[in-house]
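> Sequence:
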Amino acid sequence: MFVKGVLVINTANKLTMARVVLIPLFLILLYLDFPHSRYIAMGVFILAALTDVADGIVARTRNQITDFGKFMDPLADKVLTFAAMLWFVEIGVMPAWLVLIVIIREFMVTGMRLVAVAKGRVVDAALSGKIKTVVTIICLIALFLPLKFWMIIVCWALIGTTTIISGVEYFVKNKDIMKLDK
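Counting from 84, one number per residue, gives the positions in the sequence shown under my numbering.
Don't read these hints as lab results, they were simulated from the structure. Idealized CB from N, CA, C, for every residue including glycine. There may be inaccurate statements among the hints.
Simulated crosslink set (DSS-like; lysine-lysine; CA at most 30 Å straight-line) [what the hints assert, rightly or not]: (1) Lys213 / Lys97; (2) Lys213 / Lys231; (3) Lys97 / Lys161; (4) Lys258 / Lys202; (5) Lys213 / Lys202; (6) Lys231 / Lys161; (7) Lys153 / Lys256; (8) Lys161 / Lys262; (9) Lys213 / Lys258.
Pair ranges (Cβ atoms, derived) [said to hold, decoys possible]: (10) Ile129 / Val172: 14 to 22 Å; (11) Pro229 / Leu130: 18 to 26 Å; (12) Ala208 / Ala101: 14 to 22 Å; (13) Ile123 / Ala201: 17 to 25 Å; (14) Val205 / Val176: 33 to 41 Å; (15) His119 / Thr193: 33 to 41 Å; (16) Trp233 / Gly203: 45 to 53 Å.
Generate coordinates for the entire structure from the input sequences, incorporating the hints supplied.
This is the structure we're talking about:
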């Protein structure tokens, strides 16, 4: 928000920016090799995820929903989760095909939202999308821990299933947006 030409960052946007700043710290900790660096990185990941919850609450309760927040909040979420997922692929804990499913869903939903905006509509986050986000974050946190292989498979299944279901729901509920113009 601008006041007399000066950018004023509200509390919700400060929380989003904190998440953006935590992402490189999270990545640095993942790649440093010192005792417990993985668990410290997990702590930073959890803190970053909590800033997402906090900025959502603050934005709604204090009416601090801004165009900056609408853009940066989901972008920060995607970068944080993709960073963790790609690291898990690199260390052999998550298959690349699962991350690809998540990335494809995100690009498709974002593309649909852009088409909707061009047509003067806003596609709000659906409940299934919020569930997908919570499930993904919880599963990613779990993957930092020493899990039995079957528990890792359950995390993959939960991430994949919620990703596909929420993606399908977005397109079914908003299929009219994607109709070809005549």
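> State for each hint whether it applies.
Now for the hints, and whether the structure bears them out:
no.: 1; hint: Lys213 / Lys97; result: 21 Å, holds
no.: 2; hint: Lys213 / Lys231; result: 27 Å, holds
no.: 3; hint: Lys97 / Lys161; result: 18 Å, holds
no.: 4; hint: Lys258 / Lys202; result: 13 Å, holds
no.: 5; hint: Lys213 / Lys202; result: 24 Å, holds
no.: 6; hint: Lys231 / Lys161; result: 27 Å, holds
no.: 7; hint: Lys153 / Lys256; result: 20 Å, holds
no.: 8; hint: Lys161 / Lys262; result: 27 Å, holds
no.: 9; hint: Lys213 / Lys258; result: 20 Å, holds
no.: 10; hint: Ile129 / Val172: 14 to 22 Å; result: 20 Å, holds
no.: 11; hint: Pro229 / Leu130: 18 to 26 Å; result: 21 Å, holds
no.: 12; hint: Ala208 / Ala101: 14 to 22 Å; result: 21 Å, holds
no.: 13; hint: Ile123 / Ala201: 17 to 25 Å; result: 43 Å, violated
no.: 14; hint: Val205 / Val176: 33 to 41 Å; result: 37 Å, holds
no.: 15; hint: His119 / Thr193: 33 to 41 Å; result: 36 Å, holds
no.: 16; hint: Trp233 / Gly203: 45 to 53 Å; result: 48 Å, holds
When the structure is compared with the earlier hints, a violation turns up for hint 13 alone.
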